[in-house]
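Let the hints inform the model, and build the full structure from the sequences given.
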Amino acid sequence: MRLIIDEGTPYFNMAMDEAMLLLRGINAVEDTLRLYVMKPSAVTIGYFQSLSQSVNLEYVREHGIPVVRRVSGGGSVYHDSMGEVTYAVVLSTDSVPRDYLESFKLICEGVVRATRRLGCEASFAPLNDVVAHGRKLSGSAQARKLGALLQHGTFMYATDVDTLANSLRVPGVKYGGASTIRERVITVSECVDRRVSREEAIEALIEGFAEALNVEFVRGKYHPAELELAKSLEWKYRSWGWTALRP
Amino acid sequence: MGVIEASAKREGEKVIMIRLTLNEKCVIESAEVLGDFFAVNPEVLEEMLRVLVGAEAVNVEWRGFLEDMARASGLYGVSRETLDSLAVKLAEEVSSACGEGAAVK
Chain A
1 MRLIIDEGTP
11 YFNMAMDEAM
21 LLLRGINAVE
31 DTLRLYVMKP
41 SAVTIGYFQS
51 LSQSVNLEYV
61 REHGIPVVRR
71 VSGGGSVYHD
81 SMGEVTYAVV
91 LSTDSVPRDY
101 LESFKLICEG
111 VVRATRRLGC
121 EASFAPLNDV
131 VAHGRKLSGS
141 AQARKLGALL
151 QHGTFMYATD
161 VDTLANSLRV
171 PGVKYGGAST
181 IRERVITVSE
191 CVDRRVSREE
201 AIEALIEGFA
211 EALNVEFVRG
221 KYHPAELELA
231 KSLEWKYRSW
241 GWTALRP
Chain B
1 MGVIEASAKR
11 EGEKVIMIRL
21 TLNEKCVIES
31 AEVLGDFFAV
41 NPEVLEEMLR
51 VLVGAEAVNV
61 EWRGFLEDMA
71 RASGLYGVSR
81 ETLDSLAVKL
91 AEEVSSACGE
101 GAAVK
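In order, the protein sequence lines correspond to chains A and B. Using the numbering used here, the letters of the first sequence correspond one by one to residues 1 to 247. Using the numbering used here, the letters of the second sequence correspond one by one to residues 1 to 105.
No lab work stands behind these hints: they were computed from the structure. Possibly wrong hints are sitting among the right ones.
Covered stretches of chain A (chain B as the covering partner; in silico rule of three or more C-beta atoms under 8 Å from a C-beta of chain B) [said to hold, decoys possible]:
(1) 44-51
(2) 65-75
With beta-carbon atoms standing in for the labels, derived distance ranges [to be verified]:
(3) A:Asn214 - B:Glu5: 40 to 48 Å
(4) B:Gly54 - A:Ser239: 24 to 32 Å
(5) B:Gly54 - A:Asn214: 24 to 32 Å
(6) A:Lys221 - B:Glu5: 31 to 39 Å
(7) B:Gly99 - A:Leu245: 30 to 38 Å
(8) A:Gly220 - B:Lys25: 57 to 65 Å
(9) A:Lys221 - B:Gly2: 49 to 57 Å
Built from N, CA and C at the ideal position, the CB exists for glycine as well.
Given below as structure tokens:
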């Protein structure tokens with residue numbers, strides 16, 4: 001299975017995830033695990049989310065944090081360039097369970113194993129989270145197109161949780177009115193009581209996904225078609241019309 | 001008339017909200033679905049919402065519509081019970097805004 005490790009703007013990263021999904025759907029590219037860092041730190045929101053209801057717009061504007069709408073469902077996410085690695089798994093739908101829950105469970109197992117490798121006991125929490133000590137350590141989202149599946153998600157190895165809590169808005173109804181996102185989130189570093197590095201996090205994710213998906217990874221590059229399509233799609237992700245599709 | 005909203009969520013599920021813009025005759029001018037759920041075919045979901053435009057809000061059978069919308073779009077993360085609850089809340093909101101007669105069949 002191809003492995004790509006990268007960093008880039010949130011616009012590029014969202015565009016590349018979608019490009020890989022579309023091209024995998026027509027068998028133009030192979031199954032891939034992509035691990036990337038958002039530069040700069042950014043917020044992504046789910047395809048169906050209201051921008052103003054899911055993001056503290058005043059705070060992110062004040063702190064220059066870009067906001068990008070994803071092609072996948074799910075909730076709002078803070079991607080910390082200094083403390084979070086995002087994973088994206090692109091597979092043919094033939095190789096994953098059709099049932100959403102089962103497919104989330106299968107792919108999230110990569111994150112669970114990565115977390116355990118770093119010394120933190122974690123488990124899958126339906127529908128789409130990985131938790132440690134009852135607190136969220138990773139959230140994932142999926143999109144499916146043309147017989148291909150994209151699952152991307154966070155791996156918070158040392159996320160600045162205060163900035164995360166200040167950047168995101170979670171509807172009261174979601175957590176029964178609980179006010180503090182901070183209390184519901186944990187990083188791997190906090191869990192193991194030492195600062196985990198980005199290199200350690202990436203190494204653990206590679207090993208965790210290799211075990212969970214029962215594959216061997218081969219470091220690869222983007223195909224020219226992926227780069228070309230991602231470049232075109234980047235316009236969408238940079239546009240206010242897309243970000244504020246649901247104000 | 002303005003905008004009416006109804007949302008529903010159960011423990012362990014995703015949030016789903018329907019937002020309707022109604023004119024002075026309580027005809028739906030736009031319909032949006034919001035939330036952190038997933039859909040296998042999001043385009044189908046959006047197409048079904050467009051079907052609501054031009055309908056009198058009190059004549060929409062919300063339970064049936066939401067079930068069909070969920071089935072056709074492959075909505076995931078929201079149970080049938082939550083959709084039922086959303087249908088009831090929507091009908092209540094419509095009744096309150098437009099008068100009696102909203103259907104929850």
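We went through each hint and held it up to the structure:
1. Check result for the region 44-51 of chain A against chain B: holds, 5 residues qualifying (beta carbon to beta carbon below 8 Å, three or more required).
2. Restraint check on the region 65-75 of chain A versus chain B: 4 residues with Cβ-Cβ distances below 8 Å, three needed, restraint holds.
3. Roughly 45 Å separates the CB atoms of Asn214 (chain A) and Glu5 (chain B), a value that falls within the hinted 40 to 48 Å.
4. A C-beta distance of roughly 29 Å is found between Gly54 (chain B) and Ser239 (chain A), which places it inside the suggested range of 24 to 32 Å.
5. Taking the beta carbon of each, Gly54 (chain B) and Asn214 (chain A) are about 52 Å apart, not inside 24 to 32 Å as hinted.
6. A C-beta distance of roughly 47 Å is found between Lys221 (chain A) and Glu5 (chain B), which places it outside the suggested range of 31 to 39 Å.
7. For the pair Gly99 (chain B) and Leu245 (chain A), the beta carbons lie near 33 Å from each other, so the given range of 30 to 38 Å is met.
8. Between Gly220 (chain A) and Lys25 (chain B) the C-beta distance comes to about 59 Å, which sits within the given range of 57 to 65 Å.
9. In this structure, Lys221 (chain A) and Gly2 (chain B) meet the distance hint of 49 to 57 Å, their C-beta atoms being roughly 53 Å apart.
Violated hints, listed in ascending order, are 5 and 6; each of the other numbered hints is respected by the structure.
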